[in-house]
Every structure is written in C-alpha cells, then in structure tokens.
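K.L.:
Sequences listed follow chains A and B, in order. Residue 51 in our numbering sits at position 64 of the first sequence, and the numbers go up by one each step. Residue 11 in our numbering sits at position 9 of the second sequence, and the numbers go up by one each step.
Certain hints may be false.
[Said to hold, decoys possible] Simulated pairs of lysine-lysine, DSSO-like, Cα-Cα distance not exceeding 27 Å: (1) Lys25(A) x Lys5(A); (2) Lys107(B) x Lys27(A); (3) Lys71(B) x Lys9(A); (4) Lys5(A) x Lys107(B); (5) Lys(-4)(A) x Lys23(A).
Hint data in this document are derived by calculation from the structure and do not stem from the laboratory.
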Amino acid sequence: DTEVTQTPKHLVMGMTNKKSLKCEQHMGHRAMYWYKQKAKKPPELMFVYSYEKLSINESVPSRFSPECPNSSLLNLHLHALQPEDSALYLCASSQGDRGGEETQYFGPGTRLLVL
Amino acid sequence: AQSVTQLGSHVSVSEGALVLLRCNYSSSVPPYLFWYVQYPNQGLQLLLKYTTGATLVKGINGFEAEFKKSETSFHLTKPSAHMSDAAEYFCAATNQAGTALIFGKGTTLSVSS
C-alpha cells in the first residue's frame, strides 16, 4: 500500500472559521510533510514532522497549526485564514527523515477556498 | 543555495513525437534529483530519481532522464508522447541539508492528436 490519503477533498471556510485537514499513511513512513500549492506553481514546503516531532517549520503564519498525533496521522489546523491562503494543500510522507534524498509519496490534496 | 530551473513553462508536442523537458540545478555538489508529474486535481507522483551511479535513469510510463554533471542538467525525455502524458511536470533537487526538496517552477506538457 503506497497510498497517502487526505480528507476532505474540498473545503470552503470563512475567515473566522476553525477547520482541520487530515492526512493518513500506513506505509510505516517516519516523516510527513505539509505543502501549499497555488495554481500553476510548485509546491511550497510548510512543515516537516520526523518521528512525530516537528523538525522543519518554514516560517509559516501561526494561523496554520500542524499536529502529529501518531506516526500514521498528520493534521493541519486552520484558524482565521485569509483569502490568499486559498490553495491546494498537499500531504506527503517518506520512509526516513532525509526528505530531500528519499521518495516522497504525495496525497491527492485538499483544495481550500477561504471566503 | 540550491536552485532548480526548468526551461520552458509550457511545451507542446504532437502525439507520437519526442518529449523533452529541461531541468538544470545550481549546486556544485550534485544533489539527488527527481522528476514528479502532477495530473489535474491530483497530488504529485514520482516519475524517476537520480541518486548515484548510472547517469541514465529509467522511470515509469516510458520516461527517462540523463544526469549530466558537466552541464548540471537532468533533462526528462520520452521517445513517443501519448495523450495521457499531458500534465504538469516538476523537477526537484535536494536542499543542501538533504532534508527537503527544492522544486522547479514546473512545465506544462500539452499533447495534441
């Protein structure tokens, strides 16, 4: 099973809402990633969790709050977002924590629209 | 700092024609190199990767890429394009710490019949 699943597929939220994105993998991978992708742009790394600990935070605004409850699950909590945060949010995982050297497996993404 | 440049934001080919997507990296130390493909409304899928060893790398769906250190290039090719190859293609390289990927800006491949 080389699948990374993400829910929901689509999300519309207002600027005062609180919502969460969920990502799951059952490949025994020890690193998980959140990326943000705007239309016609490459993915931008937001966070990396390695062995369930936050190892990289690419200066992401605090309105995005990641959480890794266990080695298979990664959440991204959203609060007080801005319209410019509308994007495709991709989750990925890799076997070890050398994320630049290993194959990253991507989920299908959650398309977020902030009104 | 490492950077990845993809020449041509949009490449159009006819079905059956050669596909050539260009990628150059900036590091003086050859990084690990990857090509990912993204179909509309989907995540990224690995096509192939270069770590060490053989410089011609074969990937899925008939794609291959050749690592050329002298040219700091890792161009992606496919001998005969198929309509199903139409997608966005991203070249990526390891950052200096080896902890994350640096993506190029992407190339949109269109295939016409």
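K.L.:
Each of the hints needs a verdict: does it hold here or not?
P.N.:
Hint-by-hint comparison with the structure:
1. Lys25(A) x Lys5(A): holds (21 Å)
2. Lys107(B) x Lys27(A): holds (8 Å)
3. Lys71(B) x Lys9(A): Given pair Lys71(B), Lys9(A) is violated - Cα atoms ~40 Å apart, limit 27 Å.
4. Lys5(A) x Lys107(B): Violated - the C-alpha atoms of Lys107(B) and Lys5(A) are around 31 Å apart, more than 27 Å.
5. Lys(-4)(A) x Lys23(A): holds (14 Å)
Violated hints, listed in ascending order, are 3 and 4; each of the other numbered hints is respected by the structure.
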